[in-house]
Amino acid sequence: MTRRQLVLSVNGGDHEVWVLPSDTLLDVLHDELGLADVRYGCGEGVCGTCTVLLDGEPVNGCLTLAVQAAGRQVTTLRGLMGPGETLHPLQECFLRRGASQCGFCTPGMILAAVDLVRRRGRPSREEIKYALVGNLCRCTGYTKILDAIEEYVGLAAVDAPDQVTS
Amino acid sequence: MRCVGPPQPAGGQQLTEQSAGRYRVVGRSPAHHDFVDKVKGSLLYAADWRLPGMLHGKVVRSQLPSARITGIDVSAARALPGVVAVLTAADVPNNRIVEMASGGLAELEVAMPVLASGRVRYMGEPVALVAAVTQQIAHEAAELVAVDYEELAGVFDVESAQAESSPRVHEVGNTLVRWQIRCGDVESALAAADVVVEGEYRTQHAEHAYLEPEAGVGWVENGVLTLRVSTQVIEHAAMIAHILQVPQSKVRVIAAYMGGGFGGKEDMTVEPYLALLVWHTRRPVRMIWDRQESLVGSTKRHPFIMRYRTGATRDGTLTAQRVEILGDAGAYPNLSPRVLFAAAACASGPYRVPNASITSSAVFTNNVPSSAFRGFGAMQIVLGYESQMDQLAARLGMSRTELRERNFLAKGDLLPTGEPLDTCVEVAHTMHRAVALLGEPPKPSAPGKAVGRGIGCNRHPYGRAIWFRDQAAAWLSLAADGTLLIRCGVTDLGAGQAASLCQIAAEVLGAPLDDISIYIGDSALNPPAGGTFATRQLYMSGNAVLTAARELRERMTPVAADLLGVRPDELEFANGRVWPAGEAGGVSVTLAELAAACVQRAVSTAHLSTWLAEVGSFDPRTGQGHTFPDYTYGTHAADVEVDVETGQVTVLRYAACHDVGRAINPMRVEGQIQGGAMQGLGYALTEDVAVQDGYVQAALFADYLIPNSLDYPDVLVGIVESGEGKGPFGARGIGEPPIGNVAATIASAIQDAIGVRPAQLPMTPERILGLLDTRRVDPA
Chain A
466 MTRRQLVLSV NGGDHEVWVL PSDTLLDVLH DELGLADVRY GCGEGVCGTC
516 TVLLDGEPVN GCLTLAVQAA GRQVTTLRGL MGPGETLHPL QECFLRRGAS
566 QCGFCTPGMI LAAVDLVRRR GRPSREEIKY ALVGNLCRCT GYTKILDAIE
616 EYVGLAAVDA PDQVTS
Chain B
281 MRCVGPPQPA GGQQLTEQSA GRYRVVGRSP AHHDFVDKVK GSLLYAADWR
331 LPGMLHGKVV RSQLPSARIT GIDVSAARAL PGVVAVLTAA DVPNNRIVEM
381 ASGGLAELEV AMPVLASGRV RYMGEPVALV AAVTQQIAHE AAELVAVDYE
431 ELAGVFDVES AQAESSPRVH EVGNTLVRWQ IRCGDVESAL AAADVVVEGE
481 YRTQHAEHAY LEPEAGVGWV ENGVLTLRVS TQVIEHAAMI AHILQVPQSK
531 VRVIAAYMGG GFGGKEDMTV EPYLALLVWH TRRPVRMIWD RQESLVGSTK
581 RHPFIMRYRT GATRDGTLTA QRVEILGDAG AYPNLSPRVL FAAAACASGP
631 YRVPNASITS SAVFTNNVPS SAFRGFGAMQ IVLGYESQMD QLAARLGMSR
681 TELRERNFLA KGDLLPTGEP LDTCVEVAHT MHRAVALLGE PPKPSAPGKA
731 VGRGIGCNRH PYGRAIWFRD QAAAWLSLAA DGTLLIRCGV TDLGAGQAAS
781 LCQIAAEVLG APLDDISIYI GDSALNPPAG GTFATRQLYM SGNAVLTAAR
831 ELRERMTPVA ADLLGVRPDE LEFANGRVWP AGEAGGVSVT LAELAAACVQ
881 RAVSTAHLST WLAEVGSFDP RTGQGHTFPD YTYGTHAADV EVDVETGQVT
931 VLRYAACHDV GRAINPMRVE GQIQGGAMQG LGYALTEDVA VQDGYVQAAL
981 FADYLIPNSL DYPDVLVGIV ESGEGKGPFG ARGIGEPPIG NVAATIASAI
1031 QDAIGVRPAQ LPMTPERILG LLDTRRVDPA
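Chains A and B supply the protein sequences, listed in that same order. In this text, residue positions in the first sequence follow my numbering: the first is 466, and each later residue adds one. In this text, residue positions in the second sequence follow my numbering: the first is 281, and each later residue adds one.
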């Protein structure tokens, strides 16, 4: 197999990479671009630790080929942070609520939740649970993750009341 | 010197009632720096390091559970461009790992090869190693290693493995260890009992399913083989030196913060393979196990068969208990001798049993090896002793809580080993609290549904078995600017092991948490603390840091008193300052000023302290002696609804309450309890690594059903703080205990709902329907 050149737009910056057609987006982001916030957990699309946003939509990096991301915007967790690594409000909620233990699932959880709140405005706790079904956590029992996201939903509603859709 | 205001809280909002007013930092829930890195996604786990010229390693594993290796041809693999090394058993300087997990007290001596030599004993056993310039080439080369096998008869269940005529997994015999604990005269007491209940309970192979698969990198630096891996135990450096036949000083293990471990990273995982590849190639190597490889090749939780016979008087007082436990060790010893010991030591639960006979055996099979997994034998056994209590309550027509209260252990009581309990037992308190947390019992949601409530109490050890003479060391140093460094060999599973040490040091020395840095998990640069397992680190490293901090403070106190012109016995250390007790608004010195004054007076501000655990001995012949330093007690309660048409069990509410002695960080304590309970729910209802004739059936992560966000309700938590644990500030360990109660609690609730007791895990819809069928046939 021959490598081809690709321009990947990740967290607002363009990166030229040489990839095999079989390389997954996870492989390229983690191993070529050194993005440690995109992680191999199962390679089957079951656990969600490799979640990234592709043009704003959450996808499993392990089930997406790198070539499929050409010409599209890739956002990883660190892409949510402001200048000087200012925490996103949901990251603050995760800290306050103790929503990380080992932390391995955290980037995927946060990206999935940010996408949900962007789409749904004010999701209920049940809706949050439903949206996180593809992001497994083996440490926390989910309660503190749900608490953190609910707190963020409240903050987000205050910040942007016009986004409330239901 | 300048004036300061009243002390400020160290951060975090939660403060348990019992800790309020007594402590400044302990009992609060500040976020620690590793959690900041975790929410940023910037924490570097074991798979996240790259080194110049790094190769990629891959293990070639046996496809058969029991076979003779008649030949290995590595020529095709070696010929593949990009392959740098292919290693087999002949390349291992010392190919024998002898674990002797009970410290040689009772088990057979059986060696495990690093790479199989001549014989494979389980499917997934490592046979060869490959290193190549890319991961893909390493995978391709592994496929090209041609191993010829002659299949041999195997043995796959513990009951047939005990028969003399069974194939032997190891020449010395299939029973690796057989523990016994005896007190009183159990046969006479059973014969004299007013009522006797019997039961047999079975549990399954379970997978840790940490989200971070086994991984690490290795390299050689200054002649020292260095591994940075996801491990609970940096002390494996000694075993790696033994395998390579190099001095122990020439191997260094660094433990990255782990993406979960739960006991599955207590044995070595990638370490010996990485070490061999690095040693042979003299290049950096990375190895990451695929999830699918991890499912097949990693150790599992022991399946148990537990047979109980329990006698009691008519008023519900336990008089006797006979227990037989069989654990499937799989093909190699690993930690099975210790797991089965914990099972035996805890087999009577939190109850007084004056006459007991307990035996537990670890038996070899050609199944995947079993070893440590959160709960470590003391969790499987809860299903046994709590099922017996519920059966007894039903037989006597007593309430389940009343029967338990009549028999709960109390401080001063003797365990079946003859040792007295020397801390309080607040299990009744946890039981009432857990039941109260559930509220009013629910009503069935529809016809054809049955609701039930269950409870499950437990006694779980924290700290290593007492004859290991456990120790942990910590090294504290106050820098010239008054900030604090902690160095401790502890590894961090994600439960806040490092963070709680910072809180303990901050409490004693008054350094603000933001001014403390902690260096952990390095066998070369940290004083040894022992691994993070056996719920031992708060007890061990926590006490080591507490002792070191107190001793350092004691050494610096005369200097501070001199600076302040007061008597040395009345100083307070807090908020980066020292001042005369009770005069928070008055004169003070900063820790920086104190550090400078210490240097001027040649008083060292660095201090190393080694903390020694309680010691004792156990006699395996009499089954009497000392077992564990102390226990954590707790109760879970649940409401479930059973669909009698489908057998589906829905957990409606779940509450978990434990006496943690003292909550150092209440939010982290809650997290441990919620997470432990959730793992327990998966274990109770869905998780099962089906192993058929030695073949692991779960080929994909999707086949192994760990709880997702939708499966179960929030776990309601009750924290009891008796203040009487043996950890720092009276804390008890809480890492493992909360997984123990769950299966028994759910079984209790199902029994309450449908009138039949499940006796086999997981409690799948098919099994519940089977139980309902027995009820239809025999309404009694």
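No lab work stands behind these hints: they were computed from the structure. Think of the CB as a built atom: it goes at the ideal place given N, C-alpha and C, for glycine as much as any other residue. Where hints are given, some of them may not hold.
What the hints assert, rightly or not - Chain A regions said to be covered by chain B (calculated; three or more residues, Cβ under 8 Å):
1. 469-478
2. 534-543
3. 601-612
As the list claims (entries may be wrong) - Not close to chain A: a few residues of chain B, all C-beta gaps over 10 Å, as computed:
4. Asp314
5. Val476
6. Val477
Query raised in the report: When you look at the beta carbon of B:Val477, is every beta carbon of chain A farther off than 10 Å?
Result: holds (33 Å)
Query raised in the report: Counting residues of the segment 469-478 of chain A whose CB is closer than 8 Å to a CB in chain B, do you get three or more?
Result: violated (count 0)
Query raised in the report: Against chain B, does the segment 534-543 of chain A show at least 3 residues with beta-carbon separation below 8 Å?
Result: The restraint on the segment 534-543 of chain A holds, since 3 of its residues have a Cβ under 8 Å from chain B and three suffice.
Report task. Test the statement that B:Val476 is away from the interface with chain A: the closest C-beta pair must be farther apart than 10 Å. Result -> The claim holds: B:Val476 sits with its nearest Cβ about 38 Å from chain A, beyond 10 Å.
Query - Given as non-interface: B:Asp314, which should sit over 10 Å from chain A by C-beta - result: Check fails; 8 Å does not lie beyond 10 Å.
Report task. Check, residue by residue, whether the segment 601-612 of chain A contains three or more positions whose beta-carbon lies closer than 8 Å to a beta-carbon of chain B, and give the verdict. Result -> holds (count 11)
Of the numbered hints stated above, those contradicted by the structure are hints 1 and 4, listed in ascending order.
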